[in-house]
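*Asks:* Chains A and B are the protein sequences, given in the same order.
So the first sequence is numbered by this note's numbering: it starts at 17 and just counts up by one.
So the second sequence is numbered by this note's numbering: it starts at 17 and just counts up by one.
Misleading hints may appear alongside valid ones.
Stated by the list, open to error - According to the in silico footprint, chain B covers these stretches of chain A (three or more CB under 8 angstroms from chain B): (1) 68–74; (2) 237–245; (3) 321–331.
As the list claims (entries may be wrong) - Chain B is nowhere near these chain A residues, computed Cβ spacing over 12 angstroms in every case: (4) G45; (5) G47; (6) I91; (7) A154; (8) E168; (9) R314; (10) P347.
Derived by calculation from the structure, the hints in this document are not laboratory data.
Every residue, glycine too, gets a C-beta built ideally from N, C-alpha and C.
2 protein chains.
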Amino acid sequence: MPSTNKINAQRLLETIHTTALWGAKGRWGEGPTETGVCRLALSDEDKSVRDWFISETKSLGCSVKVDEIGNIFAIYPGKNEGIPTGTGSHLDTQPTGGRYDGILGVLGGLEVLRTFKENNYVPNYPVALIDWCNEEGARFPRSMMASAVWAETLPLQEAYEMKSITETEVKTVKEELIRIGYLGETPASYRLNPLAAHFELHIEQGPILEDSKKKIGIVQGGQAFTWYKVVLGGKASHTGTTPLSARSDALLAASKMIVRGNEIAHEHEGLVSVGIIEASPAVVNVVPSEVMFTVDARHHTDEGLKSIIEHVIKDFTAIAAEGNGTAKSKPINISIEHDFTSPAIHFSRDCVAAVEAAAHEVVGKEDTIEIVSGAGHDSCNTSFRCPTSMIFVPSKDGISHNPVEFTNPEEIADGVQVLLNTIVNYDLSRKN
Amino acid sequence: MPSTNKINAQRLLETIHTTALWGAKGRWGEGPTETGVCRLALSDEDKSVRDWFISETKSLGCSVKVDEIGNIFAIYPGKNEGIPTGTGSHLDTQPTGGRYDGILGVLGGLEVLRTFKENNYVPNYPVALIDWCNEEGARFPRSMMASAVWAETLPLQEAYEMKSITETEVKTVKEELIRIGYLGETPASYRLNPLAAHFELHIEQGPILEDSKKKIGIVQGGQAFTWYKVVLGGKASHTGTTPLSARSDALLAASKMIVRGNEIAHEHEGLVSVGIIEASPAVVNVVPSEVMFTVDARHHTDEGLKSIIEHVIKDFTAIAAEGNGTAKSKPINISIEHDFTSPAIHFSRDCVAAVEAAAHEVVGKEDTIEIVSGAGHDSCNTSFRCPTSMIFVPSKDGISHNPVEFTNPEEIADGVQVLLNTIVNYDLSRKN
Numbered sequence: 017m018p019s020t021n022k023i024n025a026q027r028l029l030e031t032i033h034t035t036a037l038w039g040a041k042g043r044w045g046e047g048p049t050e051t052g053v054c055r056l057a058l059s060d061e062d063k064s065v066r067d068w069f070i071s072e073t074k075s076l077g078c079s080v081k082v083d084e085i086g087n088i089f090a091i092y093p094g095k096n097e098g099i100p101t102g103t104g105s106h107l108d109t110q111p112t113g114g115r116y117d118g119i120l121g122v123l124g125g126l127e128v129l130r131t132f133k134e135n136n137y138v139p140n141y142p143v144a145l146i147d148w149c150n151e152e153g154a155r156f157p158r159s160m161m162a163s164a165v166w167a168e169t170l171p172l173q174e175a176y177e178m179k180s181i182t183e184t185e186v187k188t189v190k191e192e193l194i195r196i197g198y199l200g201e202t203p204a205s206y207r208l209n210p211l212a213a214h215f216e217l218h219i220e221q222g223p224i225l226e227d228s229k230k231k232i233g234i235v236q237g238g239q240a241f242t243w244y245k246v247v248l249g250g251k252a253s254h255t256g257t258t259p260l261s262a263r264s265d266a267l268l269a270a271s272k273m274i275v276r277g278n279e280i281a282h283e284h285e286g287l288v289s290v291g292i293i294e295a296s297p298a299v300v301n302v303v304p305s306e307v308m309f310t311v312d313a314r315h316h317t318d319e320g321l322k323s324i325i326e327h328v329i330k331d332f333t334a335i336a337a338e339g340n341g342t343a344k345s346k347p348i349n350i351s352i353e354h355d356f357t358s359p360a361i362h363f364s365r366d367c368v369a370a371v372e373a374a375a376h377e378v379v380g381k382e383d384t385i386e387i388v389s390g391a392g393h394d395s396c397n398t399s400f401r402c403p404t405s406m407i408f409v410p411s412k413d414g415i416s417h418n419p420v421e422f423t424n425p426e427e428i429a430d431g432v433q434v435l436l437n438t439i440v441n442y443d444l445s446r447k448n
Numbered sequence: 017m018p019s020t021n022k023i024n025a026q027r028l029l030e031t032i033h034t035t036a037l038w039g040a041k042g043r044w045g046e047g048p049t050e051t052g053v054c055r056l057a058l059s060d061e062d063k064s065v066r067d068w069f070i071s072e073t074k075s076l077g078c079s080v081k082v083d084e085i086g087n088i089f090a091i092y093p094g095k096n097e098g099i100p101t102g103t104g105s106h107l108d109t110q111p112t113g114g115r116y117d118g119i120l121g122v123l124g125g126l127e128v129l130r131t132f133k134e135n136n137y138v139p140n141y142p143v144a145l146i147d148w149c150n151e152e153g154a155r156f157p158r159s160m161m162a163s164a165v166w167a168e169t170l171p172l173q174e175a176y177e178m179k180s181i182t183e184t185e186v187k188t189v190k191e192e193l194i195r196i197g198y199l200g201e202t203p204a205s206y207r208l209n210p211l212a213a214h215f216e217l218h219i220e221q222g223p224i225l226e227d228s229k230k231k232i233g234i235v236q237g238g239q240a241f242t243w244y245k246v247v248l249g250g251k252a253s254h255t256g257t258t259p260l261s262a263r264s265d266a267l268l269a270a271s272k273m274i275v276r277g278n279e280i281a282h283e284h285e286g287l288v289s290v291g292i293i294e295a296s297p298a299v300v301n302v303v304p305s306e307v308m309f310t311v312d313a314r315h316h317t318d319e320g321l322k323s324i325i326e327h328v329i330k331d332f333t334a335i336a337a338e339g340n341g342t343a344k345s346k347p348i349n350i351s352i353e354h355d356f357t358s359p360a361i362h363f364s365r366d367c368v369a370a371v372e373a374a375a376h377e378v379v380g381k382e383d384t385i386e387i388v389s390g391a392g393h394d395s396c397n398t399s400f401r402c403p404t405s406m407i408f409v410p411s412k413d414g415i416s417h418n419p420v421e422f423t424n425p426e427e428i429a430d431g432v433q434v435l436l437n438t439i440v441n442y443d444l445s446r447k448n
């Protein structure tokens, strides 16, 4: 059966590039499609692409529901009534976003439905194509916000009250949902608006597929990760008048910790990264007295992550205690504050198997690789509430959240065909 | 002769604390004198203390000259005409300054003149008490500005055009000199307005005297120092999706350099300090692509400083080239930009001997220590043009450029008495 449903790669690319005009930003080449996209959640540009999305899916025969937190469910009818098989991702972007992150999952899903339509293919059960609201968390600072509300891991009211951080005139999520007309009536709830499964096509946002020369990543789940904030307190002193032995140099201590954190990551085969560092008083000839830096640690198992963090805390504390490594130097005060932890995600065996089978059909087993998602995705939230899995396609140079983010047309076509075959195979296997 | 000229420590302290009201800021205790001072160069507060300084020195019989860059020369008459023996420092402060840095040198000099006056002591030659303008470089970003103009190492016009950086409405030095009435007519020139010598009493701004339990530092000269700016270019990548081996982590490389810089400083018995670091894009889950940090390197010899810098450049370049220490990681781009170098300063043997003799008279040899200044001072500029030396008194906990900056009354009294004896001894030794 799947062989009769061939997606139209050209049509899909045209849709990707046309809709990228809603928020086109960050030109990186001469060509008409060589810009990124800045389409912040619930902005005017987001409203435009949403309006278009509803119009397009309705023209394919979908019924469209908008839920209380702005998620859009476009439901393509099946032969039988029943809970829909879901597929989706997000149409919002980072301020310096590209034209594939999230977008490919939604527009790839649209191409699946268009292919069904033109082939007069009717699945056994309805297929819901979903635009999850505010996945990026760039404007309203909570990533995967609305899929978390749907999964009931984030209270609706808390999401409503979230405040924008990208503009001087602060707005709440609820105000902006109302303003753009997307505060819907469907309950934002996996119980009251359930999905039978959720499949998400996404760019890898990393270099593993490209480096291993594979076309499709069969995503097994998501890494466990945790964020900490480390604050060091030393003593500001004059760089010319203060001997090394008399210093409490918070930046030197921080530097030792950053180097050690990287070593720990290697030892545990995980990841430890420092993305933000701030030192004060920030004067050329003053030894920094205070340094704040963030720690982002990841491992594909919860146990591995726990070991990494214990190791980090032990070694950072020891570095602070030894001061600047001289007999006389004073200890640095250290506070290591936990921000949050996201446990490891294990996708549904059935759903992973459905992706695997489809990927083998489309590109052959040798061009696939099992992979663990390093980034968070809406599928992490859906995985708590329904069988879920994901399909990755390569990211050129592993780059994402950047206007030059790129996946080539053949890779996109392969990914969308795998998504179609996955949905069809899964639909055919459903007992109810 | 010096024994009859005993300074009045109580009078001096009262003057220090009274004048500290012009710009009092940064309360750190309950007592009336427990604040710092914020008296930026050419501000209203600076004008107030200058006006008072001129009035006070005139009341002692001084003739007062203001030069073209705002330096004030209050000349106490001697038995003979001739080029004055100079003493001075600065009355401006850092935004978060204390009440001793610079101020002690000017008001200590004032106490010397007051002591002369009340003892009817007349030196052989005139003594010039100088308030050097804008030593701190906090408001107009060039430290030791006006003594450099006097020394003709900084063109007058360049100093005039310097712009303020501490206020939104930018002003030039010349505009502010005119506004507060301190654009004088005396040439700002060591040739046209010469000094026979320059002695400067200053707080150490470091912990060496305190740690060695000495009362007076006999300053031999100033460290050589140099400033560099290092800019690293890596690749921004997602902390969750980018394996360690695929990263070009600019912050990790910077951290290794900062640690290595400190090791190099130990190896060469010099100083290497990083006061400013900035990393971007500064997002918790993005590996930093660009890092800028400053390097401040110091050694008491020019040759030592050269060795340190060569070592720093070699090792930093090697760290950048090795990427993140994995076989696969890409090199980090590095640019190491020289800002400026201040060569080692060697004070006049005669002047150092004069300070040494006076210090031995006042506190005894065992309570003195030979020291090299870690910070820049107006005396560094005068040393290029006339015999110069300095006297240091202890800084509590080595702290300076901070409201809690403190030197106790006995230490202050000792320092000012050493200054007086130095000036008297030097004056008596002058042949013309």
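*Asks:* If a hint holds in the structure, say so; if it does not, say that too.
*Replies:* Results for each hint:
no., hint, verdict
1, 68–74, "violated (count 0)"
2, 237–245, "holds (count 3)"
3, 321–331, "violated (count 0)"
4, G45, "holds, 19 angstroms"
5, G47, "holds, 23 angstroms"
6, I91, "holds, 32 angstroms"
7, A154, "violated, 10 angstroms"
8, E168, "holds, 24 angstroms"
9, R314, "violated, 6 angstroms"
10, P347, "holds, 16 angstroms"
In the structure shown, a violation is registered for the earlier hints numbered 1, 3, 7 and 9, in ascending order.
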